[in-house]
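Heads up: the sequence lines are chains A and B, in that order.
FYI, in the numbering used here the residues of the first sequence are 336 to 436.
FYI, in the numbering used here the residues of the second sequence are 50 to 231.
Don't read these hints as lab results, they were simulated from the structure.
As the structure is a computational prediction, the values presented were derived from the model and not from experiment.
All C-beta atoms in this analysis are idealised placements derived from N, C-alpha and C, irrespective of residue type, glycine included.
Don't take each hint at face value.
Covered by chain A, according to a simulated footprint, are these stretches of chain B (three or more residues, beta-carbon under 8 Å) [said to hold, decoys possible]:
no.	region
1	64 to 70
2	100 to 111
3	114 to 122
4	185 to 194
One side only, chain A facing chain B, incomplete, derived with CB under 7 Å [stated by the list, open to error]:
no.	residue
5	M336
6	G356
7	L364
8	M368
9	L370
10	I402
11	A409
12	A410
13	M417
14	L419
15	A431
Here are some, though not all, of the chain A residues that point toward chain B, as calculated from beta-carbon distances under 8 Å [unchecked claim]:
no.	residue
16	E340
17	A347
18	V365
19	E371
20	V379
21	T380
22	L413
23	A418
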Amino acid sequence: MIPLEYYLVLAALIFTVGAVGFLVRRNLLVQLMCLELMLNAVNVTLVAFNRFRQDDHAGQVFAFFVIAVAAAEAAVGLAIVMALYRLRRSVRSDEADLLKN
Amino acid sequence: MSFASALFWVCSLTAVLGAIATIAARNPIRNAMGLLLTISSMAGLYLTLNAEFLAATQLIVYAGAVIVLFVFVIMLLGPDASPATDTRGAFPRIAGAVGLGLLSLMLTVFALRASGGPHEMPPARAELGTVEAVGTTIFTKALVPFELVTVLFLAAIVGAVALARGKQKHETVATGTQRGES
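Please construct the entire structure, taking both the sequences and the accompanying hints into account.
Shown next, in the form of structure tokens:
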């Protein structure tokens, strides 16, 4: 069997890739995808810990709710991207400076 | 090497490769396909962790709905979905340093926690992660959060429609000057 730590290291790797992508990219669509990456990495740790301490299904149910909230977040986030595009004809996050000055 | 170990190694490799493709590709469709690869690999990882219900949910919700939504928006935006200049200046280096620091911090914590050897998983209970067991937990212990999530979805649907629909014609005339300034 695979030890617990392997899953945690894999999740840390994917979370870091997502975090770096969120900081580096200026495309709002890609930034939303990086958010999904980070949420998924956290889900892996939750399910791995639930496999390790299997008294109940708290970890898996938590991951289920994270998936549900991530789906709602993707829908609203993409709607915001569409609204920004309609306003600025661009999906660069640098262009979202309507509140500046 | 057992089947579960082989599945873990294949899925972790494709998950990392997909994650890198998600942040590195220039074409947004390729970003979305990288995310799809990562998400499908994670469904495989859930299978190695005895979480069959979550693996199915992952495939249905993410691969079936979220990725399709991303691809739909990319298609709607057309060539504007990939701006010519994406990154700026020396910022990627700082972000890379932040990422390396974050990764090394997490790996240090894991190494400290793992002192005394990697923790082997105990043998799985028969009902761990089945639809019946997870569903029973959701509808008994986690009933209130479940109902709250349904309200959240209703709010998200209304909000997404209101945002994506935009202002209608007669409203556009009234706020036309505002738009010209911006």
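Results for each hint:
Restraint check on the region 64 to 70 of chain B versus chain A: 4 residues with Cβ-Cβ distances below 8 Å, three needed, restraint holds. Here the region 100 to 111 of chain B counts 7 residues with a CB under 8 Å from a CB of chain A, which clears the bar of 3, and the coverage holds. Here the region 114 to 122 of chain B counts 5 residues with a CB under 8 Å from a CB of chain A, which clears the bar of 3, and the coverage holds. Coverage of the region 185 to 194 of chain B by chain A holds [criterion: at least 3 residues with CB-CB distance below 8 Å; count 5].
Checking M336 (chain A) against chain B by beta carbon gives a least distance of about 5 Å; that is within 7 Å, so the hint holds. At about 3 Å, the closest approach between the beta carbon of G356 (chain A) and any beta carbon in chain B falls short of 7 Å, and the interface hint on this residue holds. Interface hint status for L364 (chain A): upheld, as the beta-carbon distance to the closest one in chain B is roughly 5 Å, under 7 Å. Satisfaction of the interface hint for M368 (chain A) is found here, the shortest Cβ-Cβ separation to chain B being roughly 5 Å, below the 7 Å cut-off.
Below 7 Å, beta-carbon pairs count as interface contacts, and L370 (chain A) has none with chain B, the closest being about 10 Å; its hint is therefore violated. Interface restraint check for I402 (chain A): the shortest CB-CB distance to chain B comes to about 5 Å, inside 7 Å, so the restraint holds. Here the hint on A409 (chain A) is kept, as its CB sits about 5 Å from the closest CB of chain B, short of 7 Å. Because the closest C-beta pair between A410 (chain A) and chain B is about 5 Å apart, less than 7 Å, the hint holds.
Hint status for M417 (chain A) relative to chain B: holds, with the closest Cβ pair at about 5 Å, below 7 Å. A hinted interface residue such as L419 (chain A) counts as satisfied when its beta carbon comes closer than 7 Å to some beta carbon of chain B; here the least separation is about 10 Å, so the hint is violated. About 11 Å separates the beta-carbon of A431 (chain A) from the nearest beta-carbon of chain B, more than 7 Å, and the hint is not met. A distance limit of 8 Å between C-beta atoms decides the matter here; for E340 (chain A) the minimum to chain B is near 5 Å, and the interface restraint holds.
Because the closest C-beta pair between A347 (chain A) and chain B is about 4 Å apart, less than 8 Å, the hint holds. For V365 (chain A), the suggested interface contact is upheld, since its CB lies about 5 Å from the closest CB of chain B, less than 8 Å. Given hint, E371 (chain A) at the interface with chain B, holds; its Cβ is 6 Å from that chain's nearest Cβ, closer than 8 Å. Checking V379 (chain A) against chain B: minimum C-beta separation of about 6 Å stays under 8 Å; hint holds.
Restraint check, T380 (chain A) versus chain B: the minimum CB separation of about 10 Å is more than 8 Å; hint violated. The beta carbon of L413 (chain A) is positioned within 8 Å of a beta carbon in chain B (closest approach about 5 Å), and the interface hint is therefore held. Because the beta carbon of A418 (chain A) sits about 5 Å from the nearest beta carbon in chain B, less than 8 Å, this interface hint is met.
Against the hints set out earlier in the document, violations occur for numbers 9, 14, 15, 21.
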